[in-house]
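So the chains spell out like this:
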Amino acid sequence: MTVFKFALKRSFSNIANLVFLTLFPVACIFLPRGEEWPFLPYGYQYFGIIILFIGIRLAAIILEDREKGVVKRLAVAPISHFNYLSQNLLAYSVILILQCAIVVYGGVLFGQELYQPGWLFLLYVSFSFASLAIALAWISIYRKKDVAFLIYMSLIFIVVVLGGLIIPVEMFPDLLKRMAVILPTYWLGQGLNWVVFGEEILDFLIINGVLWLYTIVFVVIGSTRKI
Amino acid sequence: MRVLSTIKFTALRMIRNYIVLILLLVVPIILITFFSFILSGVVTENGVPYINENAMIMVLVFQLFGGSIVMYLIYHDLFTENKMRMYALPFNQTMYAFSIMLCGALYSILLGILLMVYSQFVLGVIWKNWFWMIYIISLMAILSIIVCLIFTFSVKNYKIAERLSELYGVGFVVLAGLFFPLPRNAIFDFLGSYGNPLTLSMGAIRDMSLTNTSSAWFQANILLGVIAILFMVMLLLGRRRIG
Amino acid sequence: MTIASIQGVVKRYGAHLVLDYIDLDIYEGEIIGLLGPNGAGKTTLIQTLTGITSFERGKIEIFGQSKNPFSNQNKERIGLVTQGITVFEELTAKENLQFFAGVYGLRGEEKKKRVEEALEFVGLGDKGNKTPNKFSGGMKRRLNIACALTHRPKLLIMDEPTVGIDPQSRNYILEAVKKLRENGTTILYTTHYMEEVQAIASRVVIMDQGQIIKQGTVDELIQMVQHEEKVKIDVTDSDKVPVNELENIAGVKKVVVSGNQITIISAFDSGNLDRIITLVKEHAGVLGIQADKPNLEDVFLTLTGKELRDKEEA
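Residue numbers (the working numbering), protein chains in the order written: chain A, 1 to 227; chain B, 1 to 243; chain C, 1 to 314.
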């Protein structure tokens, strides 16, 4: 598990990552509630945005390995590409799951009204995996870490707005409502609404199912590029 | 002046940086368009259509990030290995840095104007006072460039300077209360009004559209004053780094 | 005529003495090969000569000017080829040259002509409209050189211009350097590659630990330092080698037998090779001969030591 251990170390090795991985998630716990919308406190509505940023920052470590030629060196070492990738992804998943736990249960301790914190935690975990998978697929089409990150940042702005995390989907015109369905942020938004209002567990399972579908599809796409 | 001959190439380098174009033109166009669909027909408490207000906010918000390209070019040309070649050239390196700043400001202002043109002619947003709007955009662009350069000159690690410049942009957007309401106390109130370039510029434009010219000029002059002070700071720090 | 003169220059970075009373004159029309291990001070010397770095003591005179040697007027006559590739990635090769030509005061048709000339000179005539990120390493290095040539400098300073490129590109660059000298350009050329210095330099300057320790032509340096010649002979049966008889040949200092190879060390220019080979052939059967004449590498290693010294140059 050498790659796993070093992936964890490297994830916290620079200041920007440290801030993203520690301060920002913790700050989410303390943000206030909205009056009519969102139904959860602002921090929990926007935590999805932070998960998207964290996903690309972590996955970009793999891109850095590719950029610097470390992946070529590993290609002739006795470790398969699958092993290398899975250990990295495992490390990033551990970090993200830990953060989801801190944000959700920190909020419970702080006294935020989270309705169904257990299901909320599960939803965030599913979204975290989807975010990581999308980031992995994204970096597979780039050679340079900085370029990949900057363009992904633009994409995050758009996906977050069009997915209904900044403005409720109900306000969208019909066409945009239909288009929003293809975005993972839409499903996160629906999941957050379910945590507040939902009754049927099947609805929640469908939401998580879609997020896991994103995960599987994008992991497959992202794993195809080796060197 | 030899430096003048470099301006064309600085402009080319800026225009060819497609990442900056995506971040400062394409993304705001998509967001302005999206919001215009959602907010059509809705008006503010002053009777102004929300799409006007929203377009104004978007144009100004993205000016907060306009300093990034100037920061990148000055760092790349005068602080990395390239500096050896640049310092061996028969021209004034400080003037070269100023020429990059000038180009960057014009570029950022141009992008702002393009957004205004797009929103007016494609989405029907009404800009009451084009000259005033362009003036405020210019102030925001110049301020953003100066702040980014202060970070570049004062911090040794360029990556940290980049993150600080992003924090400047995102930070003032958050402090303006655009994402979520902030606690009501003296500090946040100040940072959400007179201590925030975004709210100052938004206020200046709103007041001018309501013909409240004295208040509009007051807010614009605060921005101008901050620019003048920070310009001195930047000169001081820059002299130490560039020489 | 002296193009540039460095007299007693001292440069420190904190407590670390990087240039230690350097004296160096650069004469018109010569190619100076500046050799030295990592951390010797070569790049710092170049930086002080071009005014990029200040110095604490001493005097630098360039084109006869000592009061203001780094004036724009002088800079117009100097070209610098940096060790790293310092071109603009966003501009095409032609635009890169136009940028530098413009800074050097070239305008209009003259600028256009010089840009084309420089591109042709480095073999990138048909690549002018491509950006450097599409170039190979060798092509980037050639563009890096071209950027210093548009203004036809009188003094061209080249800081390890062939690092990391293939032999064909390196050869091309060396030929270009020779051509520049024929056209009247004076060149200061730093490198780690001895064969480059031997191929092009009219004078060699060896630096170490901030000092110039030796300078002269290649032949002068070799003669100054080395007093021995080495012959290595591979034999069929080393037991039959007449070691005593070999040691008695005039000029032979030492005979070393190692496996089936014998090494005979003689005084420099002793002219005993024929006698040695004849004797060995008679007794032991010769399979192969290698005669080592001292070269610049031997001079360099003798003067600067064989150990690795991982000093960083500031």
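Hints are supplied without guarantee of correctness; some may be wrong.
[Stated by the list, open to error] Okay, the calculated beta carbon distance ranges per label pair:
{"hint": "1", "chain 1": "C", "residue 1": "Gly-105", "chain 2": "B", "residue 2": "Ile-113", "range": "30 to 36 Å"}
{"hint": "2", "chain 1": "A", "residue 1": "Asn-14", "chain 2": "B", "residue 2": "Tyr-194", "range": "46 to 52 Å"}
{"hint": "3", "chain 1": "C", "residue 1": "Ser-54", "chain 2": "B", "residue 2": "Lys-8", "range": "46 to 52 Å"}
{"hint": "4", "chain 1": "C", "residue 1": "Ser-54", "chain 2": "B", "residue 2": "Tyr-18", "range": "53 to 59 Å"}
{"hint": "5", "chain 1": "A", "residue 1": "Asp-203", "chain 2": "B", "residue 2": "Leu-102", "range": "44 to 50 Å"}
{"hint": "6", "chain 1": "A", "residue 1": "Asp-174", "chain 2": "C", "residue 2": "Glu-89", "range": "42 to 48 Å"}
{"hint": "7", "chain 1": "A", "residue 1": "Ile-182", "chain 2": "B", "residue 2": "Lys-8", "range": "28 to 34 Å"}
[Unchecked claim] Below, computed lysine to any residue pairings styled on SDA-like, alpha-carbon distance capped at 25 Å:
{"hint": "8", "chain 1": "A", "residue 1": "Lys-9", "chain 2": "B", "residue 2": "Leu-12"}
{"hint": "9", "chain 1": "B", "residue 1": "Lys-83", "chain 2": "C", "residue 2": "Val-257"}
{"hint": "10", "chain 1": "C", "residue 1": "Lys-232", "chain 2": "C", "residue 2": "Lys-214"}
{"hint": "11", "chain 1": "B", "residue 1": "Lys-83", "chain 2": "C", "residue 2": "Ile-277"}
{"hint": "12", "chain 1": "C", "residue 1": "Lys-179", "chain 2": "C", "residue 2": "Gly-29"}
{"hint": "13", "chain 1": "C", "residue 1": "Lys-214", "chain 2": "C", "residue 2": "Lys-130"}
{"hint": "14", "chain 1": "B", "residue 1": "Lys-156", "chain 2": "A", "residue 2": "Val-219"}
{"hint": "15", "chain 1": "C", "residue 1": "Lys-154", "chain 2": "C", "residue 2": "Lys-130"}
{"hint": "16", "chain 1": "C", "residue 1": "Lys-94", "chain 2": "C", "residue 2": "Lys-130"}
{"hint": "17", "chain 1": "B", "residue 1": "Lys-159", "chain 2": "B", "residue 2": "Thr-94"}
{"hint": "18", "chain 1": "C", "residue 1": "Lys-134", "chain 2": "A", "residue 2": "Phe-20"}
{"hint": "19", "chain 1": "C", "residue 1": "Lys-134", "chain 2": "A", "residue 2": "Arg-143"}
{"hint": "20", "chain 1": "B", "residue 1": "Lys-128", "chain 2": "B", "residue 2": "Val-3"}
{"hint": "21", "chain 1": "A", "residue 1": "Lys-68", "chain 2": "A", "residue 2": "Ala-27"}
{"hint": "22", "chain 1": "A", "residue 1": "Lys-177", "chain 2": "B", "residue 2": "Ser-36"}
{"hint": "23", "chain 1": "B", "residue 1": "Lys-83", "chain 2": "C", "residue 2": "Gly-259"}
{"hint": "24", "chain 1": "B", "residue 1": "Lys-83", "chain 2": "C", "residue 2": "Lys-232"}
{"hint": "25", "chain 1": "C", "residue 1": "Lys-112", "chain 2": "B", "residue 2": "Lys-128"}
{"hint": "26", "chain 1": "C", "residue 1": "Lys-59", "chain 2": "C", "residue 2": "Lys-94"}
{"hint": "27", "chain 1": "A", "residue 1": "Lys-144", "chain 2": "B", "residue 2": "Lys-128"}
{"hint": "28", "chain 1": "A", "residue 1": "Lys-68", "chain 2": "A", "residue 2": "Leu-122"}
{"hint": "29", "chain 1": "A", "residue 1": "Lys-68", "chain 2": "A", "residue 2": "Phe-4"}
{"hint": "30", "chain 1": "B", "residue 1": "Lys-156", "chain 2": "A", "residue 2": "Ile-216"}
Everything labelled a hint here was simulated from the structure, so no lab data went into it.
The structure presented is a predicted model; accordingly, all values stated were derived computationally and were not measured.
Quick reminder that beta carbons are idealized off the backbone N, C-alpha and C, glycines included.
Checklist line | Given hint Ile-216(A) paired with Lys-156(B) - CA-CA distance at most 25 Å | finding: Cα-Cα ~42 Å, so violated.
Check: Is Lys-134(C) within 25 Å of Arg-143(A), Cα to Cα?
Finding: holds (14 Å)
Margin query: So if I understand the rule, the pair passes when the alpha-carbon distance is 25 Å or less; does Lys-177(A) with Ser-36(B) pass?
Written below: The given pair, whose Cα atoms are some 15 Å apart, holds under the 25 Å limit.
Margin query: Between the alpha carbons of Lys-128(B) and Val-3(B), is the straight-line distance 25 Å or under?
Written below: Distance ~38 Å between Lys-128(B) and Val-3(B) Cα, so the pair is violated.
Margin query: Run the distance test for Lys-9(A) versus Leu-12(B): straight-line Cα separation, threshold 25 Å.
Written below: It is violated: about 41 Å lies between the C-alpha atoms, which goes past 25 Å.
Margin query: So if I understand the rule, the pair passes when the alpha-carbon distance is 25 Å or less; does Lys-83(B) with Gly-259(C) pass?
Written below: Answer violated: Lys-83(B) to Gly-259(C) is near 56 Å, above 25 Å.
Note to self: 46 to 52 Å was suggested as the range; check whether the CB atoms of Ser-54(C) and Lys-8(B) agree with it.
What the structure shows: For Ser-54(C) and Lys-8(B) the Cβ distance comes to about 32 Å; the hint is violated.
Margin query: Is 53 to 59 Å respected by the C-beta to C-beta distance linking Ser-54(C) and Tyr-18(B)?
Written below: violated (40 Å)
Margin query: For Lys-83(B) and Lys-232(C), compute the direct alpha-carbon distance and say whether it is at most 25 Å.
Written below: With Cα atoms ~50 Å apart, Lys-83(B) and Lys-232(C) exceed 25 Å; violated.
Next item on the list: Could you say whether the range 28 to 34 Å given as a hint is met by the Cβ separation of Ile-182(A) and Lys-8(B)?
Entry: Check failed, 43 Å falls outside 28 to 34 Å.
Next item on the list: Quickly compare the C-alpha distance for Lys-134(C) and Phe-20(A) to 25 Å and report which way the hint goes.
Entry: Measuring from Cα to Cα gives roughly 35 Å; hence the hint is violated.
Check: Is it true that the CA of Lys-83(B) sits at most 25 Å from the CA of Val-257(C)?
Finding: Not satisfied, since the Cα-Cα distance of roughly 56 Å exceeds 25 Å.
Consistency note: the structure conflicts with the earlier hints numbered 2, 3, 4, 5, 7, 8, 9, 10, 11, 13, 14, 15, 18, 20, 21, 23, 24, 25, 26, 27, 28, 30.
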